[in-house]
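J.: Chains as they are written, first to last, in this note's numbering: chain A, 186 to 959; chain B, 991 to 1093; chain C, 8 to 186.
Please note that a few of the clues may not be correct.
As the list claims (entries may be wrong) - One-sided excerpt, in silico: chain B residues whose CB lies under 10 angstroms from chain A:
no.	residue
1	I997
2	A1012
3	V1015
4	R1018
5	R1019
6	A1067
7	I1085
Everything labelled a hint here was simulated from the structure, so no lab data went into it.
Yeah, the Cβ is synthetic: ideal placement off N, Cα and C, and Gly gets one too.
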Amino acid sequence: MNTFGLAPLILILPVIGLLLNGLFGRRFVEANPANGERLTGWLASLMTIGAFLVSLSLFLSLLAHGFEPIIVPLFNWIDIPSAGFLINWAMQIDTLSVTMMLVVTGVGALIHIYAIGYMHGDPDFSRFFTYLNLFIFFMLILVSGSSYLVMFVGWEGVGLCSYLLISFWWARLDKNGVPANANAGRKAMIMNRIGDFGVILAMILLFWTFGTLEYTGVFPSAVEMFESNHMVAFGGLSVPLATVLTAVTALFLLGVAGKSAQIPLYTWLPDAMAGPTPVSALIHAATMVTAGVYLLVRSNVLYEIVRTSGATILGLISTPDLVAWVGALTAFFAALIAFSQNDIKKVLAYSTVSQLGFMVAAAGSGAYVAAMFHLVTHAFFKALLFLGSGSVIHGMEHGHHHLAHAGHGAAQGSGGQGSAAHGSGTGAAHLAAEADANQVHGNAASDEVADGFDPQDMRYMGGLRRRMPTTFIVYLIGSLALAGIIPLAGFWSKDEILLHDQTYATPIFIVLAIAALGTAFYVARQLIMVFFGKPRHAAAEHAAESPALMTTPLVVLAGLTVLGGLLNLPYLTRAMAEANHNHPAGIFLMLESWLEHSLASFALAEEGILALPRTPVYLSVLVATISTALAVGGLLLGYLVYRGRPRTSSEPDRLARTPIWWWVVLPLNSLYMKGFVPAFNRFSVWLADKVDWAFWHDFVHDRVIRDIFVTGADFSANVLDAQGVDGLVNGAGKTTQRLARGLRLTQTGYARTYALAVFLGAIGLLVYFLLMAG
Amino acid sequence: MPSAVNINWYIALSSILFAIGALGVLLRRNAIILFMSVELMLNSANLLFVAFARHLGNLDGQVLVFFVITVAAAEVAVGLALIVAIFRTKKSINIDEINLLKG
Amino acid sequence: MIHPIPFLLLAAVAVAAALGMLLSHNAVHSALYLVLNFITVAIFYLALNAPFIAMVQVTVYAGAIVVLFLFVIMLLGAERLRSPVDEVRGPERFHRYAAILLALVLVGVVAYLLFQGGLDMTGVDTTAGATLDASPQALGMALFQSYVFPFQVTGVLLLAAIAGVVIFGHTKRQGEDNA
């Protein structure tokens, strides 16, 4: 018995949620805030949980059904018989899509529940949940689509939701009066669009080549054409299949760069932190940004064909390798940028970009299972980290408002008791708190308090582990997973990627390894700045733990982070791997055994058609040692640089003071540290300037892209339209006028002239009839 | 005489009269003379109609002439009334002076 | 069928009268020449076995229309007009030459055709018309039977003409008119 018929429910449930919340949610919340919020929030969450349960049932059905993909047709979308163009809206339930569904709905449900607590008191509460459900809907369309076109509908839909949710507080102006949130949303949308452009072109090429966009049509056709050396005709031009696929895969890479924030289209992701933290957790950590990785993994056949055929772009590099390098470089650079970020969410944003780089690099190197594995574990611990940071921010605001209501005007530093209504930055207000000053900030125009306090700035934090113990523990778990410490989930997935690349492409391995080192470093930096030491601002001193509605999902995610490694345990030794012919067996490589039914490259590689670079997945002592050493070393480095003494928030980053400190403390390493660290600091700050440069790069975007467009539009409007088209139209009128003026001269007014004309005509006719007609 | 008077003679006569009438219309400036030339033209056509009626043995030509005469009479009446009316304002029947409808 | 010589004589008179009408300086003389032309044509009608039409021509054309012309000429004092063809300026100068040319073309073409043999009347009984019954009764029968519709329309036309003339002729109290 199977539940495949229930598959459409995963789409319908979020729609129900979003319709109910969208139409009636505001009324509920305004009528009765406490109950209304609970109603809308739980409604949305329950819809997502429902979708998760259906996904779970699909998972079980697939298990029982032999893992074979099932197509669940929904309806005929576009049907043009004469052109042979048929697009069905159908869902493809196979192991890959179910994996994504489980991640999306599972993590999504936890984040929904978290958001009920986080968005408490926000006047746009119901709108938030409407958008969240809308996002779940589109994301599920993306992962469950049976063709590229359906996937693209979801692709664009999540782009839209990203825009809606990033600029959720669109009316807010930052301290310069700039509507930063709205701009961030717009930037995200536009950069995504650039990627979408690539995907559309790729889809057009695919349709031209294969006549269909269905996965079940494209991939077998591609293999068949590849084997038969089919040439694709473009009008009079005939190109080999591999060249076409090179173009397709390169264009897909453009889409991935936009959606999954790779170089050069990553700058929107740090800006996207302007959205509420649950949004950052859901969309920009766990799900939407992984859509690009999903695309890569889904198109594995195409990439492997390109790899096998040896086709290269301009004779330099083949697209899969290009993908791997883009991913690796992104991982490296983003990690370095994270070194000097002071905003807790921005660190996580760059960390996401970096980890996505890992996933993209894995997919480009042919380690699709590793990429998916990292996707899943990353969803767990990054969502955990984001939600944890939200909890931290929540606590900081709590503390800050605590102060603001203690002594008026002395809100700067001196602590005090008082009402605990908070605001600014995230807009959650404690309604059940005190009677006075229930300021609900929400989407108000400007929320910055007078002292310029930013609850997200890590320089104001410190020592929060005592004030927020639960948050601290889960955050620690998440951070260590991110750094890649055994036996947390992050280690296993990252290790598998490193293992694969060590044999496949050692330069990439080196770059990724350095990125891993950097990851550990900034992780340690963040941990120490936020949770250790002494609080650097009175707000941090009065921070309080978040309510259970927020901490419970954190704990659940922490549990998943700890256990996540079990998904794809590698063999313990090489011998064991070879004994099993490098195939999954038993509890080892479960994810691989699950996914390989959807990744045709595996089967095709067995048959020898495609040259999929496979490495035995085992716990290589070499690689594991290297990665652990890097992780621990990075943590240690971070600890050494940042540990200890209380600092004030206005003190420059510890890194800058290090030369003196190391000179005193460790004379042995002093020379190394004195030489290396300030240079590294300068380099790191310079890279941070790259963030500025990224903004400046936007300036370039403004100049290059926008100005060209504006010039073109101006030309079209003023020259083509005003002069050209209007000229034609007016010219027709003027010609008519001139003609009329000329013809008017025949109206002399003299009757005799007219009579002459009549006579002339009459004679003419007469002559004609008399002479011609006999 | 070479031959009997047949239809061709009448055709010749009629066309000559018609041409003279046309010249009168085009060349004379006096509106009344112009009208008389029009009547001459009508007359020449009538002549030809009757000649054909005679030569084809059909009475239709004469009936038509009957109508033409009637219409000509009506037309003259109205036309002369027009001229008189114009004369009252312009004090002239020089048709070249009636040229206000020019472009 | 008329003998050629009387025909030519009458034809000459008709053409001469027409030319006289065309070239006369005096409007009254033009009208009288026109009368002559009409009478001549009436005689032609008689020769063409159309007695009723001939009388109608004399009565209506020569008797009524030309009289009307004369009345208006007298009324407007147009007999004092000088040159038959006046100076005109501009491109209208050439109108007279164009007119003469066209008239010559017309006559020339007709003459050419006639010299080519004229109208082909073979197979047509050209003598039947001589014995045709062209009495008023016959014409009346034709009018009221085959041509009753044009007859009625012509009646309406005359009515309209009368109405128009009355309106045109009507003057207001202060001497304004409806021109």
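J.: Against the earlier hints, flag every one the structure doesn't satisfy and list their numbers going up.
T.: Of the numbered hints, 1 and 6 do not hold.
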